[in-house]
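Just so we're aligned, residue 350 is where the sequence shown starts under my numbering, counting upward by one.
For the record, the hints were derived by calculation from the structure and aren't laboratory data. If you're wondering where the values come from, they're calculated on a predicted model, not measured in any experiment. A couple of the hints might just be wrong.
Calculated cross-link-like contacts (lysine-lysine; reagent style BS3-like; alpha-carbon spacing at most 25 Å) [claimed, not checked]:
no., residue 1, residue 2
1, Lys553, Lys522
2, Lys522, Lys495
3, Lys493, Lys522
Pairwise CB distance ranges (calculated) [claimed, not checked]:
no., residue 1, residue 2, range
4, Lys553, Val476, 15 to 23 Å
5, Asp480, Gly414, 20 to 28 Å
6, Ala515, Arg567, 27 to 35 Å
7, Arg456, Asp509, 18 to 26 Å
Beta carbons: idealized from backbone N, C-alpha and C, even for Gly.
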Amino acid sequence: MRRQTASRLLAATCLATALAAPALVAAQELSVSAGATVTTRYMASGLEQSDGPAFQPCIAAEINGFYAGLWASNVSRAITGSSTEIDVYFGYRNEVGRFNYDIGYARYLYRGPSVNCCGELYLSMGVSVTDQLDLGARIAYDPKAKVANTSLNAAWAFNDSFSMDATLGRVSKGGQRYWSVGASHALNDNVSLGLAWHDTSITKGRVVASVDFSFSVR
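The whole structure should be built from the sequences, with the hints applied where relevant.
Here it is in structure tokens:
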């Protein structure tokens, strides 16, 4: 089968979603959200994926805990060999009391020679220790490359608009460690500002600022 470019795949997926929307919207449990992030640098596991600012739109749908979505970003051709990354993901998440979990799969597509790059199975688990403190852990595994990415995270909400979070992780291949500390301030229900420090055991740290926009389609 002739492989599609990432942009053609995104267009085809969006078209299929649009055609299916009337039937899907009939389901009362269905929720659809969309948004975008404008950031001074695209970071992944502490490593730069862009050599300048990045624009990252997204859209996702969820029904009874099952969800699927699309996320995209411009990336550096010098770093990834492409100018565009598109992630397609799906999974299931739920909450039981103060405990929550999320299990799914993400596929990473690039517009360029290596269109269908790689994919990861992931599992996230978290617990609300108090109304202000959340603790969590995440593991992602690429079965083809046999690479695991594990991390621990904590988030503290000072109030409804201001919070801080921290992450400590490790990539099995090469033993790279990474960590970040950040803060976010919600201007309203749809817009928030973020500032974070990203660092790794193999690169220099970097401060990243971002603006997040989000809204509910349904």
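Okay, the hints, checked on the actual structure:
1. Lys553 to Lys522: Given that 25 Å is the threshold and the Cα spacing comes to 19 Å, the pair holds.
2. Lys522 to Lys495: holds (8 Å)
3. Lys493 to Lys522: Answer holds: lysine 493 to lysine 522 is near 13 Å, not above 25 Å.
4. Lys553 to Val476: 15 to 23 Å: Hint violated: Cβ distance 33 Å, outside 15 to 23 Å.
5. Asp480 to Gly414: 20 to 28 Å: holds (23 Å)
6. Ala515 to Arg567: 27 to 35 Å: holds (33 Å)
7. Arg456 to Asp509: 18 to 26 Å: Between arginine 456 and aspartate 509, where Cβ atoms are some 35 Å apart, the hint is violated.
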